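Spelled out, the chains give:
There are 2 protein chains.
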Amino acid sequence: MHIHDFQEMMRQLFFKRDAERGIKGTYDWLVDEVQELGEELKGNNKEATEKEFADVIAWLSSLANLTGIDLEKAAINKYNFKCPKCQQSPCKCTF
Amino acid sequence: MHIHDFQEMMRQLFFKRDAERGIKGTYDWLVDEVQELGEELKGNNKEATEKEFADVIAWLSSLANLTGIDLEKAAINKYNFKCPKCQQSPCKCTF
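Residue numbers (the numbering used here), protein chains in the order written: chain A, 245 to 339; chain B, 245 to 339.
Derived by calculation from the structure, the hints in this document are not laboratory data. Mixed in with the good hints there might be a few duds.
Each pair may be met inside one copy or between any two copies, as identical chains are not told apart.
[To be verified] Below, a list of computed lysine-lysine pairs in the DSSO-like style, where the Cα atoms sit at most 27 Å apart:
no., residue 1, residue 2
1, Lys322, Lys336
2, Lys295, Lys317
3, Lys286, Lys326
4, Lys336, Lys268
5, Lys317, Lys336
6, Lys336, Lys286
7, Lys336, Lys326
8, Lys329, Lys317
9, Lys260, Lys317
10, Lys268, Lys295
11, Lys336, Lys295
12, Lys286, Lys322
13, Lys329, Lys290
14, Lys260, Lys322
15, Lys295, Lys260
Since the model is a prediction, treat every value here as computed from it, not as a measurement.
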């Protein structure tokens with residue numbers, strides 16, 4: 245599935261609730277999901293970890309919907325088969 | 245671009261450095277990127293905000309590479325055109 249299509253699925257499913265919650269509340273929820281991912285990464289439960297990865301990209305997509313940003317375009321604009329810093333593939337940054 | 249292909253691009257560009265840094269270090273970097281996104285969301289610079297969205301999905305993909313998880317599969321398994329809690333589209337959860 246394209247990043248864009250996943251973001252559109254999130255819009256279809258959750259935009260009304262996301263809009264009621266607002267950008268700040270949705271961002272705070274994203275932060276919570278990232279923390280939950282961090283907790284799962286300390287363990288050994290791959291299925292639970294996969295669900296936390298899913299939640300992070302889901303909430304990131306919801307937040308992108310609220311801010312009018314196309315996550316796929318943003319991602320490809322910055323990361324387009326080369327490192328945005330050293331401009332090489334693979335990255336050869338020395339720091 | 246498919247979520248899977250973006251993750252593979254991140255692998256091609258950054259896996260060597262990501263592996264050297266490890267899961268904990270890469271997770272910490274993801275957290276930093278989420279914080280930077282939060283700061284940009286307070287402002288009014290759409291281009292800068294897009295770059296922060298790009299960074300979050302990029303570091304999330306790097307982290308998925310390190311943990312052997314397919315971000316696209318994980319996302320679709322949990323969010324497959326219905327809310328994972330109420331099982332409806334659009335979501336009709338009441339909390």
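Do the hints match the structure? See the list:
For the homomeric pair lysine 322 and lysine 336, the shortest alpha-carbon distance inside one copy (17 Å) is at most 27 Å, but the shortest distance between copies (36 Å) is not. Taking the shortest alpha-carbon separations for lysine 295 and lysine 317, both the intra-copy value of 25 Å and the inter-copy value of 10 Å come in at or below 27 Å. Taking the closest pair of Cα atoms, lysine 286 and lysine 326 never come within 27 Å of each other, the shortest separation being 31 Å inside a single copy and 29 Å across copies. In this assembly of identical chains, the alpha carbons of lysine 336 and lysine 268 lie at most 27 Å apart only when taken from different copies (21 Å versus 36 Å within one copy).
Taking the shortest alpha-carbon separations for lysine 317 and lysine 336, only the intra-copy value of 24 Å comes in at or below 27 Å, while the best inter-copy value is 30 Å. For the identical chains of this complex, lysine 336 and lysine 286 are neighbours neither inside a copy (29 Å) nor across copies (33 Å), given an alpha-carbon limit of 27 Å. Taking the closest pair of Cα atoms, lysine 336 and lysine 326 come within 27 Å of each other only inside a single copy of the chain (10 Å); across copies the shortest separation is 42 Å, beyond that limit. Proximity of lysine 329 and lysine 317 under a CA criterion of 27 Å is satisfied intra-copy only: 18 Å inside one chain copy versus 29 Å between copies.
With identical chains, the CA atoms of lysine 260 and lysine 317 are at most 27 Å apart both within one copy (23 Å) and between copies (25 Å). Taking identical chains as interchangeable, the C-alpha atoms of lysine 268 and lysine 295 lie at most 27 Å apart whether they share a chain (23 Å) or sit on different chains (19 Å). When the C-alpha separation of lysine 336 and lysine 295 is checked against a cutoff of 27 Å, the pair qualifies only between copies, where the shortest distance is 20 Å, while the shortest distance within a copy is 32 Å. For the identical chains of this complex, lysine 286 and lysine 322 are inter-copy neighbours only, at 21 Å across copies versus 30 Å inside a copy, given an alpha-carbon limit of 27 Å.
In this homomeric assembly, lysine 329 and lysine 290 come within 27 Å of each other (Cα to Cα) only across copies, at 20 Å, whereas the closest approach inside a single copy is 32 Å. Only between protomers do lysine 260 and lysine 322 lie at most 27 Å apart by alpha-carbon distance; the minimum there is 20 Å, versus 29 Å within a single protomer. In this homomeric assembly, lysine 295 and lysine 260 come within 27 Å of each other (Cα to Cα) both inside a single copy, at 23 Å, and across copies, at 25 Å.
Checked against the numbered hints given earlier, the structure breaks hints 3, 6 and satisfies all the rest.
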